[in-house]
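> Spelled out from the first residue to the last, the chains are:
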Amino acid sequence: MDDDWKRLRVSGLCKQFARGSVILSNIDLTVDRGAFMCILGPSGSGKSTLVDLIAGFEQPTGGTIAFDDSPVRGPGPDRVVIFQDIGNALFPWLTVQENAEFGLRNFVRNRRERRTRALEALELVGLDKDTHKFPSELSGGMKQRVQIARGLVMDPHVLIMDEPFAALDAITRRRMQYELKDLWQRTHKTVIFVTHDISEALILATDVTVLSSGPGARILDTFRPGLPDERDPADPAFIAAYRRVEALIGHVQDAGDAGRGEAR
Amino acid sequence: MIRPGRFGPLYGILLFFILWQVAAAFVGTPLLFPEPMDVMRGLAYMTETGELFEHLGATLQRLLVPLAVGMPLGAVLGCAMGASRDVNAWFDPYMRMANSTPAIALIPFALLWFGVTELARYSLVFYVGVYVVALNARGGVAQVPRLRIKAANTLGVLGASAFFRVVVPSSFPAILAGVRTATGLCIMVVVAAEMLGAASGLGYLIIRGRQNYDPTLIFIGIFGLGILSILFDRGIAFAIERFMPRWSVRRRV
Ligand SMILES: Nc1ncnc2c1ncn2[C@@H]1O[C@H](COP(=O)(O)OP(=O)(O)O)[C@@H](O)[C@H]1O
Ligand SMILES: [Mg+2]
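For the protein sequence lines, the chains are A and B, in the order given. Letter 30 of the first sequence, counting from 1, is numbered 30 in my numbering, and no numbers are missing. Letter 187 of the second sequence, counting from 1, is numbered 187 in my numbering, and no numbers are missing.
If you are wondering where the hints come from, they were derived from the structure by calculation, not from laboratory data. All C-beta atoms, glycine included, are put in the ideal place defined by N, C-alpha and C. Heads up, some of the hints might be wrong.
[Said to hold, decoys possible] Taking CB as the label site, the calculated pair distances span:
no.	chain 1	residue 1	chain 2	residue 2	range
1	B	Glu-51	A	Asn-106	35 to 45 Å
2	B	Ala-44	A	Arg-115	32 to 42 Å
3	B	Met-97	A	Gln-59	35 to 45 Å
4	B	Gln-143	A	Asp-68	36 to 46 Å
5	A	Arg-115	B	Phe-109	52 to 62 Å
6	A	Thr-64	B	Gly-235	55 to 65 Å
Put together the whole structure using the sequences plus the hints.
Okay, structure coming up:
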């Protein structure tokens, strides 16, 4: 895989499951290298379907997904997904360290190198003291940190996170958001972050894409919130951005044909 | 949750012996219902002569030898059935048949084919070991959370690699449940087979007691079966704890 990629481009993406309704229609999305792209949409709008397509778990009915000009094919460690389901995403018979090393086994011959790389990633998420623990001994927040470390270890082009904090309690969730933000600022890893939580998106994102509710979800708007590095939900600019997204989603819900221009 | 008192089981056993003594005194016919002390004496005698261990050992061997071969084979077969539609289609009818036929009903068959031999008993236990573990293993493979496989795939672990590194280990708890079920069933089968034709074993002891009007022997045989069950139960628990601690009950995979 080409390491000099500049952007991940999703164009004209459509998805319809066999004999089902159209889930996604004509999705265009450009994620620049180093960006933190939040995909925001109500539950059932097809966010996870979009993640499955980008990750390569599902084949699109139409359209393309490519790093610059090389299309992605099937799942692979250049697009690691972080899943919402805290209970099933980790391998419960493996320790934290072994979970973090899991993907390296097929790519890194040297055992010591695997250990070191996994440990580095665990350090990044603050779990280097818990390497010997099993997932059943970890809190929800810690489990998600292991998942993030397990993904970072692979040094993916993009880290795709599908509502990773949705199953956490509100306090842990907020803490994880700021930790992730910090992590991103240190690594500048490209992130696609899916959420239905507007303030979560606005705390994290450099770019926001808003999906309409399904079926047949389409993109309502893509914008850069242009907020300062240190995000404060009480900041007037933050509130303005929040309102804007709310209006965008609200319009669709009551009128159905609210113009995109009006929301801008 | 009920907390067992320190001497809880002891009281239970004591109560059991008292009730037994009372009942035996009430029946008053040692030929039908021996008193605890008679059984204890018989037990002590058979322990001294080593006869008890001979029979216990005979039954134990008839379980261990065929299970040691049958259960791993069942695990492999079940995993293969879970992994491949084709393999499943080939073997599923036999699994259904095996599962709906009480194994005990096959004993006369085995004795007819192989005669009153070790082979007859081995083949019965082997058969039960294979199909019970295979059924559980297949169920275990089918129930692996799809997300776990996706998690492996996104890390670049695909296909056969994902199967052996994720699906098989995920199925271990189901396979171990199968091992427990299989041993329980096999104890029943092997005892029944010994009753229908054998010159040693706990089942033989029980049937000899019946034929000689010596109920003490029957009781000793039953006592021996209790020991056997505990031996297997503890043995399996120990083996898991010792060799696969990651799948021990404490760890709840
Ligand atoms: N494999 C599938 N087959 C058929 N329909 C599906 C499948 N996966 C998801 N869907 C449907 O697609 C829609 C969007 O689901 P999803 O992508 O999970 O939404 P979100 O993640 O935004 O909540 C839902 O209506 C769901 O029922
Ligand atoms: Mg979803």
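> Does each hint fit the structure? Answer for all of them.
Status of each hint after checking the structure:
1. B:Glu-51 to A:Asn-106: 35 to 45 Å: The hinted range 35 to 45 Å is violated for Glu-51 of chain B and Asn-106 of chain A, with Cβ atoms some 58 Å apart.
2. B:Ala-44 to A:Arg-115: 32 to 42 Å: violated (59 Å)
3. B:Met-97 to A:Gln-59: 35 to 45 Å: This hint holds: roughly 40 Å between Cβ atoms.
4. B:Gln-143 to A:Asp-68: 36 to 46 Å: holds (41 Å)
5. A:Arg-115 to B:Phe-109: 52 to 62 Å: holds (56 Å)
6. A:Thr-64 to B:Gly-235: 55 to 65 Å: holds (58 Å)
Hints 1, 2 from the list above are not met by this structure, while the remaining hints are.
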